[in-house]
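Protein sequences, first through last, are from chains A and B.
Read in order, the letters of the first sequence correspond to residues 16 to 346 in the numbering used here.
Read in order, the letters of the second sequence correspond to residues 16 to 346 in the numbering used here.
Note that these hints are calculated values from the structure, not bench results.
Since the structure is predicted, the reported quantities are computational estimates derived from the model, not experimental observations.
Where a beta carbon is used, it is the ideal one built from N, C-alpha and C, also for glycine.
Please note that a few of the clues may not be correct.
Claimed, not checked - Under the rule of at most 20 Å between Cα atoms (straight-line distance), these lysine to aspartate or glutamate pairs were calculated in the DMTMM-like manner:
no.	chain 1	residue 1	chain 2	residue 2
1	B	Lys149	B	Glu268
2	A	Lys284	A	Asp345
3	A	Lys232	A	Glu268
4	B	Lys18	A	Glu159
5	A	Lys222	B	Glu200
6	A	Lys138	A	Glu81
7	A	Lys18	B	Glu76
8	B	Lys28	A	Glu200
9	A	Lys39	A	Glu337
10	B	Lys222	A	Glu107
11	A	Lys18	B	Glu159
12	A	Lys28	B	Glu198
13	A	Lys28	B	Glu199
14	A	Lys267	A	Asp153
15	B	Lys18	A	Glu101
16	B	Lys92	A	Asp43
17	A	Lys28	B	Glu200
18	A	Lys232	A	Glu198
19	A	Lys92	B	Glu20
20	A	Lys232	A	Asp264
21	A	Lys267	A	Glu230
22	B	Lys92	A	Glu20
23	B	Lys18	A	Glu20
24	B	Lys28	A	Glu199
25	A	Lys149	A	Glu55
26	B	Lys28	A	Glu107
27	A	Lys28	B	Glu107
28	A	Lys92	B	Asp43
29	B	Lys267	B	Glu20
30	A	Lys18	B	Glu199
31	B	Lys18	A	Glu120
32	B	Lys28	A	Glu337
33	A	Lys232	A	Asp215
34	A	Lys18	B	Glu101
35	A	Lys149	A	Asp264
As the list claims (entries may be wrong) - Covered, in the sense of this in silico footprint (three residues per stretch, anywhere, with C-beta under 8 Å from a C-beta of chain B), are these stretches of chain A:
no.	stretch
36	107 to 119
37	130 to 140
38	214 to 228
39	247 to 257
40	290 to 297
2 protein chains.
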Amino acid sequence: MKKSELRQNKVTKQWVIYSPARRKRPHDFGGAGKWHSLPERDDSCPFCPGNDAALPSVIWELADGEGQWQVRVVPNKFPALTPGGELSRSQEGLYLTMQGHGRHEVVIESPLHNRQTGMMPLKEIERVVETYHKRYIDLMAEEENMMITIFRNHGARAGTSLMHPHSQIIATGMVPHHVRWREEEAQHYFDEWGRCVYCDILAQEQKEGARIVYENKSFTAFVPFAAEVPFEVWIMPASHAADFGSISDIEKEDFSAALQQILRRLHLKLDDPDYNYIINTSVRYRSGEPQIHWYLQIRPRLMTAAGFEIGSGISINPSIPEEDAEFLRDE
Amino acid sequence: MKKSELRQNKVTKQWVIYSPARRKRPHDFGGAGKWHSLPERDDSCPFCPGNDAALPSVIWELADGEGQWQVRVVPNKFPALTPGGELSRSQEGLYLTMQGHGRHEVVIESPLHNRQTGMMPLKEIERVVETYHKRYIDLMAEEENMMITIFRNHGARAGTSLMHPHSQIIATGMVPHHVRWREEEAQHYFDEWGRCVYCDILAQEQKEGARIVYENKSFTAFVPFAAEVPFEVWIMPASHAADFGSISDIEKEDFSAALQQILRRLHLKLDDPDYNYIINTSVRYRSGEPQIHWYLQIRPRLMTAAGFEIGSGISINPSIPEEDAEFLRDE
Numbered sequence: 016m017k018k019s020e021l022r023q024n025k026v027t028k029q030w031v032i033y034s035p036a037r038r039k040r041p042h043d044f045g046g047a048g049k050w051h052s053l054p055e056r057d058d059s060c061p062f063c064p065g066n067d068a069a070l071p072s073v074i075w076e077l078a079d080g081e082g083q084w085q086v087r088v089v090p091n092k093f094p095a096l097t098p099g100g101e102l103s104r105s106q107e108g109l110y111l112t113m114q115g116h117g118r119h120e121v122v123i124e125s126p127l128h129n130r131q132t133g134m135m136p137l138k139e140i141e142r143v144v145e146t147y148h149k150r151y152i153d154l155m156a157e158e159e160n161m162m163i164t165i166f167r168n169h170g171a172r173a174g175t176s177l178m179h180p181h182s183q184i185i186a187t188g189m190v191p192h193h194v195r196w197r198e199e200e201a202q203h204y205f206d207e208w209g210r211c212v213y214c215d216i217l218a219q220e221q222k223e224g225a226r227i228v229y230e231n232k233s234f235t236a237f238v239p240f241a242a243e244v245p246f247e248v249w250i251m252p253a254s255h256a257a258d259f260g261s262i263s264d265i266e267k268e269d270f271s272a273a274l275q276q277i278l279r280r281l282h283l284k285l286d287d288p289d290y291n292y293i294i295n296t297s298v299r300y301r302s303g304e305p306q307i308h309w310y311l312q313i314r315p316r317l318m319t320a321a322g323f324e325i326g327s328g329i330s331i332n333p334s335i336p337e338e339d340a341e342f343l344r345d346e
Numbered sequence: 016m017k018k019s020e021l022r023q024n025k026v027t028k029q030w031v032i033y034s035p036a037r038r039k040r041p042h043d044f045g046g047a048g049k050w051h052s053l054p055e056r057d058d059s060c061p062f063c064p065g066n067d068a069a070l071p072s073v074i075w076e077l078a079d080g081e082g083q084w085q086v087r088v089v090p091n092k093f094p095a096l097t098p099g100g101e102l103s104r105s106q107e108g109l110y111l112t113m114q115g116h117g118r119h120e121v122v123i124e125s126p127l128h129n130r131q132t133g134m135m136p137l138k139e140i141e142r143v144v145e146t147y148h149k150r151y152i153d154l155m156a157e158e159e160n161m162m163i164t165i166f167r168n169h170g171a172r173a174g175t176s177l178m179h180p181h182s183q184i185i186a187t188g189m190v191p192h193h194v195r196w197r198e199e200e201a202q203h204y205f206d207e208w209g210r211c212v213y214c215d216i217l218a219q220e221q222k223e224g225a226r227i228v229y230e231n232k233s234f235t236a237f238v239p240f241a242a243e244v245p246f247e248v249w250i251m252p253a254s255h256a257a258d259f260g261s262i263s264d265i266e267k268e269d270f271s272a273a274l275q276q277i278l279r280r281l282h283l284k285l286d287d288p289d290y291n292y293i294i295n296t297s298v299r300y301r302s303g304e305p306q307i308h309w310y311l312q313i314r315p316r317l318m319t320a321a322g323f324e325i326g327s328g329i330s331i332n333p334s335i336p337e338e339d340a341e342f343l344r345d346e
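Bound-form chain A, shown alone (with noise of 0.2 Å):
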C-alpha cells in the first residue's frame, strides 16, 4: 500500500482513508502508562469498599466466599437518563423532543482502586462478563427499555475521570438512527444474499487470516478490514447469534478469555493505551433476527478525530489493519 487506500466497512458502508503518508509504528503512539502509580485504595473514590456512602444505591454485587464483593453494580451519580419517563414524543414547532427516560449504571469491576483490567486474572474478568449479562437480561425484563449498551471508557481520553476499573451500562426508551442504520444495512445483505453479513465477514476473515488476532472455540478476534482507528478490534461469537442475551456458559468463558486475551495486549503492547469498548448487539424485538450478530467493539482513543472526520464522516487511519493485527497476534 503506497498511496493512499480506501477502505468500505460492510457493516456501516462508511468509508476510511489509510494514508502512508500519515502512517505511524506502534510506539509513535504511546499509552498513558497510567498503571505504574495508583495506590489500591483511594480514600476520595466513591467506588472503593468502605466509601459506600458517596454511592446512592448498590443495584446489585456478586461476593466472593468471604462476603467481599468482587463485582457491584450502582446507579450513576450522574446519570445521563432516569427510568419513569413518558416514552411519546413531543413536538415543539418541527422539532421532536422526548423525556429522558432510561437507566445508567455504574459496574464497578473490582474492588481494587488499581487493578487495570488489562492485567486481569480470567477469573475477574469472568466477573464483570457475568455481571453484563445478568444486567442485561434484568434490563430487558423492563418493557420500556428499546436498547442496552454496555460500554467501558477506559482513561482521561476516552472520556472518563474516574481511575477505579469501572464500565456502564445505559438503557434507552428509543433506538437511534446510528443503530437502526447499522441493522438496516444488515437486512439489506440479507435481502440480497440470504446470509447474514457478520457471518461472511467472518467467514472471510478466517480464509485470510492476515487480520485475525485470537481465536478460541467460541469467538474471534480481529481487526476489521476497515477499522476507523489504529489497533480497533471486534470480538465476535463465531457462531451466528444477534443477542449478547442469549450468551451460553460455556460461550461467556470463552468470551472472557478473548477479552482478557486482547486488553491484556493493548495493555502490554501499547503501554495502557486509553480505549472505549462496546457491546453492539440487537435491539428489542430484533434480538432472534438471521442478519443481526452482536459483537463487541474496542477502540484505542490513540487519534483525534477532528474537522474532517465531523464533516464527511470518513476517518483518516494512519495504521494498516493488517500490521496491527499482526503487532497484536502474538501473546
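Put chain B on the given structure of chain A with help from the hints.
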C-alpha cells in the same frame, strides 16, 4: 428542564440527551488559553514566512500591496489523499476498496505565527473566506472531485499539532454515507412538505429567538436545537443556497463578519477553547437542489465522546442550547 430531555436533530434525525445531572457552567469547561505565550515567528514552523523551503509548493496566495503574502494555500505535507488515482472501486472478497484519490491542502491564514483566528480583524477573516471560496471553485472545476470539505482544527483536542493558524481543504472522489444520509433526510422532508428543512429551521429559530446568537443581513448564527456538544454554533445563509460556491461578494462580507463574531466570542468568553469548524455544503451534481442548504458548523471540543456515543450515536450534552446561546449572545 429538570429531568433529562432528549431532542432530535431535525437534519440528521440523531437524538441528543440533555442531562441536568451532568450540567456544567461555562467556566467549568475551561479553554486552553493557548494564545498567551506564542512568538510572532517560530523558526521551526513550516508555515512561517522565510521557512518556505519546508513547503512542498505553493498552490495559491493572496498578497498585500507590498508583496508580503497574507494567506497562502499549500499541499498538505502528510496528505490523506493525493491526485491521480482511479475512482473505480475494486472488490476483495466481499469488501470494497478504492484508490486514495483526492486533494489535501492547507490554508495558512496569516504570516504571523501567533495570530489567533479568534482575535483577527475583519479584513483578515475576509481574506481567509475569499481563499476558501477561490479554492472551492478551482477544486470543483476538476471533474473527479465529488465533494470539497473545508475545515479548521483549532488546538490539540481538536486534532491539530501545528499552532500557526491554518485550516484545511480535502477533496474526495466519492460521497460518503454520512453526507448522503444528511442529503437524503433533507430530500425526505422536501418530499413531505415541499420546502427546504434548513429554511424551515431558520424560520423557527428566528421566530423563537432563544437560540439565536448573532444575525446580520445575510447570515444567522444560532445554537442548534439539538446541539451535540456545548456551544455548538451553526452559521447559515438566511436565503436558500445549496452551494457554498454560489456565495456573492456581499454575502462573503456578511459571512466573514458572522464568523469573526462567533470565533471572537468563543475565544474571549471560553478562554480560547479548542474547536473544529466545517463548511457543510452540497456535493457535485447537487449544487442547485432546492432541499440542500449550506452552513458552517462550529464544534468546541470541551467534552470527550465516549463509549456510549460510539456505540449508539447518541450524544450526551451537559449544556442547554438556550443557555449557551444566551451566554454567547452579547458581544
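Quick rundown of the hints versus the structure:
With a C-alpha separation of about 15 Å, the suggested pair Lys149 (chain B) and Glu268 (chain B) falls inside the 20 Å cut-off, and the hint holds. As the CA atoms of Lys284 (chain A) and Asp345 (chain A) are separated by approximately 10 Å, the hinted pair is consistent with the 20 Å bound. Pair hint Lys232 (chain A) plus Glu268 (chain A) holds up; C-alpha atoms about 10 Å apart against a cutoff of 20 Å. This hinted pair checks out: Lys18 (chain B) and Glu159 (chain A) have alpha carbons roughly 17 Å apart, not beyond 20 Å.
Restraint check: the Cα-Cα separation between Lys222 (chain A) and Glu200 (chain B) comes to about 39 Å, which exceeds 20 Å; the hinted pair is violated. Taken as a hint, the Lys138 (chain A) and Glu81 (chain A) pair is honoured in the structure, with Cα atoms around 16 Å apart against an allowance of 20 Å. With a C-alpha separation of about 28 Å, the suggested pairing of Lys18 (chain A) with Glu76 (chain B) is violated against the 20 Å cut-off. The hinted pair formed by Lys28 (chain B) and Glu200 (chain A) meets the criterion: a straight-line CA distance of about 17 Å does not exceed 20 Å.
A C-alpha spacing of about 14 Å is found between Lys39 (chain A) and Glu337 (chain A), which places the hinted pair at or below 20 Å, so the restraint holds. Annotation: proposed proximity of Lys222 (chain B) to Glu107 (chain A) holds, straight-line Cα distance about 12 Å (limit 20 Å). Note on Lys18 (chain A) and Glu159 (chain B): the hinted pairing holds, with a Cα-Cα distance of about 17 Å set against a maximum of 20 Å. A threshold of 20 Å between alpha carbons decides the hint, and for Lys28 (chain A) with Glu198 (chain B) the separation of about 16 Å falls inside it, so the pair holds.
With a CA separation close to 15 Å, the supplied pair Lys28 (chain A) and Glu199 (chain B) stays within the 20 Å bound. Restraint check for Lys267 (chain A) and Asp153 (chain A): satisfied, since their Cα atoms lie roughly 17 Å apart, inside the 20 Å limit. Pair hint Lys18 (chain B) plus Glu101 (chain A) holds up; C-alpha atoms about 11 Å apart against a cutoff of 20 Å. For the hint linking Lys92 (chain B) to Asp43 (chain A), the alpha-carbon distance of about 18 Å falls within 20 Å, and the restraint holds.
Distance restraint check for Lys28 (chain A) and Glu200 (chain B): the Cα-Cα separation of roughly 17 Å lies within the 20 Å cut-off, and the hinted pair is therefore satisfied. In summary, the hint linking Lys232 (chain A) to Glu198 (chain A) is not supported, as the alpha carbons are separated by about 27 Å, beyond the 20 Å threshold. A distance of roughly 17 Å separates the Cα atoms of Lys92 (chain A) and Glu20 (chain B); the hinted pair therefore holds under the 20 Å criterion. Of the pairs offered as hints, the one joining Lys232 (chain A) and Asp264 (chain A) holds, with about 13 Å between alpha carbons and a cut-off of 20 Å not exceeded.
Restraint check for Lys267 (chain A) and Glu230 (chain A): satisfied, since their Cα atoms lie roughly 14 Å apart, inside the 20 Å limit. Annotation: proposed proximity of Lys92 (chain B) to Glu20 (chain A) holds, straight-line Cα distance about 17 Å (limit 20 Å). Between Lys18 (chain B) and Glu20 (chain A), the direct Cα distance comes to roughly 47 Å. Violation of the 20 Å bound is thereby established for this hinted pair. Distance hint between Lys28 (chain B) and Glu199 (chain A) is fulfilled; the C-alpha atoms sit about 15 Å from each other, no more than 20 Å.
For a cut-off of 20 Å, the pair hint linking Lys149 (chain A) to Glu55 (chain A) is broken: about 27 Å separates their Cα positions. Distance hint between Lys28 (chain B) and Glu107 (chain A) is fulfilled; the C-alpha atoms sit about 15 Å from each other, no more than 20 Å. A hinted pair counts as satisfied when its Cα atoms are at most 20 Å apart, and Lys28 (chain A) with Glu107 (chain B) qualifies at roughly 15 Å. Between Lys92 (chain A) and Asp43 (chain B) the CA atoms are separated by roughly 18 Å; this keeps the pair inside 20 Å, and the hint holds.
Restraint check for Lys267 (chain B) and Glu20 (chain B): not satisfied, since their Cα atoms lie roughly 37 Å apart, outside the 20 Å limit. Distance hint between Lys18 (chain A) and Glu199 (chain B) is unfulfilled; the C-alpha atoms sit about 32 Å from each other, more than 20 Å. Between Lys18 (chain B) and Glu120 (chain A), the direct Cα distance comes to roughly 17 Å. Compliance with the 20 Å bound is thereby established for this hinted pair. Annotation: proposed proximity of Lys28 (chain B) to Glu337 (chain A) is violated, straight-line Cα distance about 35 Å (limit 20 Å).
Using a Cα cut-off of 20 Å, the hinted pair Lys232 (chain A) and Asp215 (chain A) holds, with the two alpha carbons roughly 18 Å apart. Distance check on the hinted pair: Lys18 (chain A) and Glu101 (chain B) sit about 11 Å apart at the alpha-carbon level, within 20 Å; holds. As the CA atoms of Lys149 (chain A) and Asp264 (chain A) are separated by approximately 12 Å, the hinted pair is consistent with the 20 Å bound. Figure legend: the stretch 107 to 119 of chain A, annotated as covered by chain B; annotation consistent (9 residues with Cβ-Cβ distances under 8 Å, at least 3 required).
For the stretch 130 to 140 of chain A, the stated coverage by chain B is violated: 0 residues have a C-beta nearer than 8 Å to a C-beta of that chain, whereas at least 3 were required. Only residues whose C-beta sits within less than 8 Å of a C-beta in chain B count toward coverage, and the stretch 214 to 228 of chain A has 5 of them, enough to reach three; the restraint holds. With 0 residues having a beta carbon nearer than 8 Å to a beta carbon of chain B, the stretch 247 to 257 of chain A misses the requirement of three or more and the stated coverage is violated. For the stretch 290 to 297 of chain A, the stated coverage by chain B holds: 5 residues have a C-beta nearer than 8 Å to a C-beta of that chain, and at least 3 were required.
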